[in-house]
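**Q** What follows is the residue order along each chain.
Number of protein chains: 2
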Amino acid sequence: MLENPQRSQPNRRLRRVGMVGGGQLARMTAAAAARLDVPFTVLDPDPHCPASAGAHVVVGDPLDASTLLDFANGVDVVTFDHERVPIELVRGLEARGVVVAPGAATAQMAFDKAVARVGLAELGFAVPEFAIVSDAAGIDAFASRHGWPVVAKSARGGYDGRGVMFVGPGESAEAVSTLGAELVVEQMVPFDGEIAVLVARRAAGEIVPYPPVSTVQRDGMCAEVTCPAAVAPPVARAAEELAIRLADAVGLVGVMAVEMFVVGEQLLVNELATRPHNTGHHTIEACVTSQFEQHLRAVLDLPLGSTALRAPAAAMYNVIGSPEADDPTDRLAEALEIDGAHVHLYGKQSRPGRKLGHVTALAATVDEARSIAARAAERLNRSECELSACSVGERA
Amino acid sequence: MLENPQRSQPNRRLRRVGMVGGGQLARMTAAAAARLDVPFTVLDPDPHCPASAGAHVVVGDPLDASTLLDFANGVDVVTFDHERVPIELVRGLEARGVVVAPGAATAQMAFDKAVARVGLAELGFAVPEFAIVSDAAGIDAFASRHGWPVVAKSARGGYDGRGVMFVGPGESAEAVSTLGAELVVEQMVPFDGEIAVLVARRAAGEIVPYPPVSTVQRDGMCAEVTCPAAVAPPVARAAEELAIRLADAVGLVGVMAVEMFVVGEQLLVNELATRPHNTGHHTIEACVTSQFEQHLRAVLDLPLGSTALRAPAAAMYNVIGSPEADDPTDRLAEALEIDGAHVHLYGKQSRPGRKLGHVTALAATVDEARSIAARAAERLNRSECELSACSVGERA
Chain A
94 MLENPQRSQP NRRLRRVGMV GGGQLARMTA AAAARLDVPF TVLDPDPHCP
144 ASAGAHVVVG DPLDASTLLD FANGVDVVTF DHERVPIELV RGLEARGVVV
194 APGAATAQMA FDKAVARVGL AELGFAVPEF AIVSDAAGID AFASRHGWPV
244 VAKSARGGYD GRGVMFVGPG ESAEAVSTLG AELVVEQMVP FDGEIAVLVA
294 RRAAGEIVPY PPVSTVQRDG MCAEVTCPAA VAPPVARAAE ELAIRLADAV
344 GLVGVMAVEM FVVGEQLLVN ELATRPHNTG HHTIEACVTS QFEQHLRAVL
394 DLPLGSTALR APAAAMYNVI GSPEADDPTD RLAEALEIDG AHVHLYGKQS
444 RPGRKLGHVT ALAATVDEAR SIAARAAERL NRSECELSAC SVGERA
Chain B
94 MLENPQRSQP NRRLRRVGMV GGGQLARMTA AAAARLDVPF TVLDPDPHCP
144 ASAGAHVVVG DPLDASTLLD FANGVDVVTF DHERVPIELV RGLEARGVVV
194 APGAATAQMA FDKAVARVGL AELGFAVPEF AIVSDAAGID AFASRHGWPV
244 VAKSARGGYD GRGVMFVGPG ESAEAVSTLG AELVVEQMVP FDGEIAVLVA
294 RRAAGEIVPY PPVSTVQRDG MCAEVTCPAA VAPPVARAAE ELAIRLADAV
344 GLVGVMAVEM FVVGEQLLVN ELATRPHNTG HHTIEACVTS QFEQHLRAVL
394 DLPLGSTALR APAAAMYNVI GSPEADDPTD RLAEALEIDG AHVHLYGKQS
444 RPGRKLGHVT ALAATVDEAR SIAARAAERL NRSECELSAC SVGERA
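Residue numbers (this note's numbering), protein chains in the order written: chain A, 94 to 489; chain B, 94 to 489.
Just so you know, the hints here were simulated from the structure itself, not pulled from any lab data. You may find that some hints are simply not true.
Going by beta-carbon spacing under 7 Å, a handful of chain A positions derived as facing chain B [what the hints assert, rightly or not]:
1) A124
2) R128
3) S399
4) G433
5) H437
Computed spacing ranges between beta-carbons, pair by pair [stated by the list, open to error]:
6) A:V152 - B:P138: 21 to 31 Å
7) B:E334 - A:E430: 21 to 31 Å
8) B:E187 - A:R444: 37 to 47 Å
Even for Gly, the Cβ is constructed at its ideal location relative to N, Cα and C.
From just these sequences and the hints, can you work out the full model?
**A** So, in structure tokens, the structure goes:
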């Protein structure tokens, strides 16, 4: 049996954290919670969800208002592993006095891409040219001003490569039928690179950024993260400052990943996630404080930890389900032969293109770290070419 | 609910590890198991044992032969969090074909101090002068040859400071009544320092040592671990070589901590533990592969990981229950204010002198690491002087 923090330890003064969703982010947060002895529970419909390996799972549908409220009443702070909860339900929790971190006003910037784009623009942050449209004519009109192809994104519900399409001439109707009628349509940004900055803020106001990382998307899915980011120091500083301003502007409580396009000296905000994020998995080994511990510190309003790098360079590769859906645990021994490869597997059933784990390596240079992590990830993925077999828009 | 690896995932090829005992070692091993997706279960009489925060607990008494066998039949490899299982029960498991790692022949070197002393001497390892005695007269006879005071240790069952006494003239009868009649009596070694070497061996024969550490016992309890050890490089190399020879000689499968006295250039083997050990807790942050992941790799016969240090220096301080038995989670915020302090709390009820957690810090120098870790541990311990309020013989 696993101890249920909702029922036991009534006299413990550390507040109980409840995470909505029991995926790999919850699984890794659970490890950080155990280390600090923070009572931690997740809400997930699947009793065998990834977090079940290390957290008590309340089995239930987080999209059901009464289930969600019951769960919230058993903890002291509610936070999120994903963006699939309707923001109205989050507002409903707050209206009943539940402490939600990040709060609904912040979370909707991550839960709804249309709200995010409009909100970021209103707050004065540079974003790609965009429009909020509801039909093929809207996409065509936007493209007539900004050129084809364009990027179309479902406002809500996109994750793991779903909900994002590149749209060429004559493809708008198909995009609407695939993505739904609440769309953000954006210019294809001719970027020099993609970076991400993780930032943490606690209610008391303290904010700390992590060192920016370079990200490589393959067919739209986050495939590789390297640190330090391959940008000039002033660009890295500007990215950190942008993330700090944004955390402050949206009243963040928790960690937030800010993905940006680098265009010359300019930074355009692409995507936000107000939770631990794939672009921060390397922080488990690479930084003094992992994003998972930092998220807990932030939502509990505890002092934030150092985000300093513990090595000159780090690289992270995702382990992606192969077309044959092989189980990566079958090849764990081969991956562990590679010295310095930190293997993380999420306990998920293998499916083609599904994120099943990640590998991090630290080294003296980015190239060396990349080589170690990539070799181990390839062994777990079965074949190197499978790294590029996934679809657009992956963020989890 | 927590997924029970004994029942679920029948098609998973990774072998299931069952750990006897659900203390802090099992808790930290569980985190490593989740990371590698190794199915991991513990056997403990207490459903709220420390490991319950991250592992499925089979509630039962591991000292009961049929309970132990039932547990063993639900996993593929049995290993240990403590030494309190009678070695006959371990032999009984092996006789029934259970894979036990380390095996009974190895484990008895750690489970029984009399067997260890005799075995080490027979294998040609230098140990303090000792005798196996069963009464006060035996202690007095030993002291008449080696001088007072002497150290008396219960052959079995000692842990967390219990089972070890310093014995002066006229105190032998009291020692026997306290410690029982199966005793190892030893000379007080006038050592220059105490070090420990962690070593891992897998069944395939691969052996890797960790860098030696210096240990400081306060009133007999492991209070502080620092790395690198404060010994000359040839002594450090000799200590590693000794640990490798010993791992090979005893047919170790798993990790083993070898505690040694340094007397000039000589190394005397003091204590053994054939499991993850307090002198290796720093490896979570300080080494490429933690002792907990390494133990799992070894017992599953997977390739062993690099034991290289990830920082020039590391220090670990235990968090010990204060005389008032305050809960260290009450002061977590104060401890987390100290940058670079990696706080680990075990979820144990506070009691005076009980190990409740530990703090590790990495730094450029041992002094700097020690300062960071000690300050955070002191905040959690409530008062600095409480670090020295514990009894002799702590090893867990």
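**Q** Can you list which hints this structure breaks, lowest number first?
**A** none
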